[in-house]
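Residue numbers (the numbering used here), protein chains in the order written: chain Z, 1 to 255; chain P, 1 to 225; chain S, 1 to 227.
Bear in mind the hints are in silico, worked out from the structure with no lab data behind them. Note that beta-carbon positions come from the ideal geometry of N, C-alpha and C, so glycine has one too. Warning: the hint list may mix true and false statements.
Label-pair distances were calculated between CB atoms; the ranges are [claimed, not checked]:
| id | chain 1 | residue 1 | chain 2 | residue 2 | range |
| --- | --- | --- | --- | --- | --- |
| 1 | S | Thr9 | P | Leu84 | 28 to 36 Å |
| 2 | S | Ala116 | Z | Ala169 | 30 to 38 Å |
| 3 | S | Glu179 | P | Glu180 | 29 to 37 Å |
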Amino acid sequence: MDAILTVEDLHKSFDDLEVLKGISFTLERGRTVLVMGPSGSGKSTMLRCLNRLLEPDQGRVWLEDVELTAAQADLNKLRASIGYVFQDFNLFAHLTALDNVCIGLRKVKRMPRRQAHEHAMQALEQVGMADRCAHYPAQLSGGQQQRIAIARGLAMEPKLMLFDEPTSALDPELTGEVLAVMDDLARGGMTMLVVSHEVGFARRAADEIIFMENSRIVEQGPPEQLFVNPREERTAQFLQRIHAIEGPMAQEQPP
Amino acid sequence: MNLEFDLADWLPHLLDGLLVTLEITALCIGLGIVLGLVLAFARLYAQRPFAWAATAFINFFRGTPILAQLFLVYYGLPSIGIRLEPFTAGVLALGLNTSAYQAEYFRGAIQSLPAGQMLAARSIGMSRLQALQSIILPQALRLVIPPWSNELILMLKYSSIVFLATVMDLMGEGLVLASETYRYFEIFIVVAIMYLIVVLAVTWLLHRLQVWLRVPGLGAGDSIA
Amino acid sequence: MIIIQATPTFLQYTLINLAVFAVLLPIGFAIGTLVALGQVYGHPVIAALATAWAWFFRGVPALVLLFLFYYGPPVFNINIEPFTAAALAMGFRSSGYQSQIFRGAIESVPAGQMVAGRAIGMSRLQTVWSIVLPQAFRLALPAWTNEFSAVLKDTTLVYAIGINEVMRFARTIYVARPELAILTFLFVALIFWVLTVIGTGLLQRLERRLALPGLEGRMRGPRAVAK
Chain Z
1 MDAILTVEDL
11 HKSFDDLEVL
21 KGISFTLERG
31 RTVLVMGPSG
41 SGKSTMLRCL
51 NRLLEPDQGR
61 VWLEDVELTA
71 AQADLNKLRA
81 SIGYVFQDFN
91 LFAHLTALDN
101 VCIGLRKVKR
111 MPRRQAHEHA
121 MQALEQVGMA
131 DRCAHYPAQL
141 SGGQQQRIAI
151 ARGLAMEPKL
161 MLFDEPTSAL
171 DPELTGEVLA
181 VMDDLARGGM
191 TMLVVSHEVG
201 FARRAADEII
211 FMENSRIVEQ
221 GPPEQLFVNP
231 REERTAQFLQ
241 RIHAIEGPMA
251 QEQPP
Chain P
1 MNLEFDLADW
11 LPHLLDGLLV
21 TLEITALCIG
31 LGIVLGLVLA
41 FARLYAQRPF
51 AWAATAFINF
61 FRGTPILAQL
71 FLVYYGLPSI
81 GIRLEPFTAG
91 VLALGLNTSA
101 YQAEYFRGAI
111 QSLPAGQMLA
121 ARSIGMSRLQ
131 ALQSIILPQA
141 LRLVIPPWSN
151 ELILMLKYSS
161 IVFLATVMDL
171 MGEGLVLASE
181 TYRYFEIFIV
191 VAIMYLIVVL
201 AVTWLLHRLQ
211 VWLRVPGLGA
221 GDSIA
Chain S
1 MIIIQATPTF
11 LQYTLINLAV
21 FAVLLPIGFA
31 IGTLVALGQV
41 YGHPVIAALA
51 TAWAWFFRGV
61 PALVLLFLFY
71 YGPPVFNINI
81 EPFTAAALAM
91 GFRSSGYQSQ
101 IFRGAIESVP
111 AGQMVAGRAI
121 GMSRLQTVWS
131 IVLPQAFRLA
141 LPAWTNEFSA
151 VLKDTTLVYA
161 IGINEVMRFA
171 RTIYVARPEL
181 AILTFLFVAL
191 IFWVLTVIGT
201 GLLQRLERRL
211 ALPGLEGRMR
221 GPRAVAK
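Chain Z with its partners taken away, still in its complex shape:
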């Protein structure tokens, strides 16, 4: 097996509240894994602990064979090879779309300006935003901003991409364009770990689903198994609720 990300016994507490109670899993190259679960189950916290935007209290994380959680780990270099997409985009407000994608290449990868530009334009083309490269974030819709945020991650040529509820801050009619970009990425072989409740995306793109509840992984397996025949009662209940809410959308066919 070709593991890109290995997580071992991750713990995290905020004051008295334990948000992660020992999370372990492995993410293999080229796979798309969805993390689902009720809000407050620790999904986003886990994602932030993976590239140490949040410092885990305990546990270890490896990117390929380099330990991220080691004291001497070169965090900035490691983070540069893990794309991270935020729920609320967090595009840099003072930079154009192009510069948002460029700045990591210039400042972190020390790429010359011209080369960074070419590279960034490619990434923007990949998400279908090349024609908006001169726009500032405030001039773009949420869906467009999120696609640029994805391009910002992609341009760094990451080994994997982490998505933290990438569509949940969007109006329903804007989620499609973002999910289409993510579909493309999954088909293109990008390794992705996605926290999301998009059942449609899960069905068509996910190789595996991790179901979290109460700070623990309750169940994991291929989507067919979890959606059709979950082993755990809690998983079934949660998916039923999701279906009830998102039912019509969950049935939709891939675009």
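With chain Z fixed as given, assemble chains P and S onto it according to the hints.
Okay, now just chains P and S, sitting in the frame of chain Z:
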């Protein structure tokens, strides 16, 4: 009685003074930016003793009269063996004063940026320093332009206190002319008009700067008072 | 030691500053309110005059105003006491700043408030007086607190026209004992620091007393810091 004739006599002196006023304002504002940024960063990011020291410094200079600060520097420092030229003492006192205010504008602007900006910068592998330099500061400095412009204009006017430390600025030149000619009222009207013209010009320039640096969605609205 | 002995005298002279302050602040408040009302509701001519007033008194340095008010009236054969000149100069100056605070506050009261007042049969003046101003003053209070502490500290500037206030007293101590300069002027600074803390503390209490949901202060005065 012949005001035109007198003006031709007075203006060279007053313009000399105006130049000193502009120099002092520019230098104290420059000192204020540098020191203000250091103080703001110390308050926001430094270890506790440094953050406390910065807060104490800021509270002192914001809570006490600017004239007391000028006399502390001008009369006080020589008593512990530090002798400064009046001009230097003026720049130092005004610079320390404005740095405390500017520090608070900078801090307010930095704190008003969404936390996600720093997070996103770190997520693509920037160091904290890189993130501050390339992401946080460029945004905070744009947000700070309106209050900072007010501060510059305030300092332009407050700089007139340096004549009390024998600096021959616009105010000082005006006072000397007045005491020589006993034409206090006319001369101070002229001095007032000169200050007004400079304030107007600086306001316009700062407005141009703000327009030039404007980025959609960043600190729109606030205008210069 | 000498400072401790001189403390009562320091405080006595500070009373002169406070006296100037006590006169200039109401002047600034009254004229500032009128100028703001003139700018917002006045006939175009009135509005232009009000704007010119505010612009002049904010654009000219305090010291220039002090000298104008001190040396100006005698030119027209009017005698003026230094204290009166100081209170008027500083009061008019403050009226310029206060008017901008109040104008901003009045303008941020929604236009619907005026319409609603007129709709129930109040006159324009009645609506301004009992509907708009009570809201505007609440919105303006934090910024006004800033102006309050600024003019309190700036009362030391009247030193320049020879008023026997605390800075002049400190200066005489300095002349007699130059080696005590730091202590002397630090002491003056401390007096004003305490006065500022007390004054802004009281005003913040007033702000809480008057607070109404939805009418939190939004105006920014000179040298205000965004919250």
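Outcome of the hint check:
no., hint, result
1, Thr9(S) with Leu84(P): 28 to 36 Å, "29 Å, holds"
2, Ala116(S) with Ala169(Z): 30 to 38 Å, "37 Å, holds"
3, Glu179(S) with Glu180(P): 29 to 37 Å, "35 Å, holds"
When held up to the earlier numbered hints, the structure conflicts with none and fits them all.
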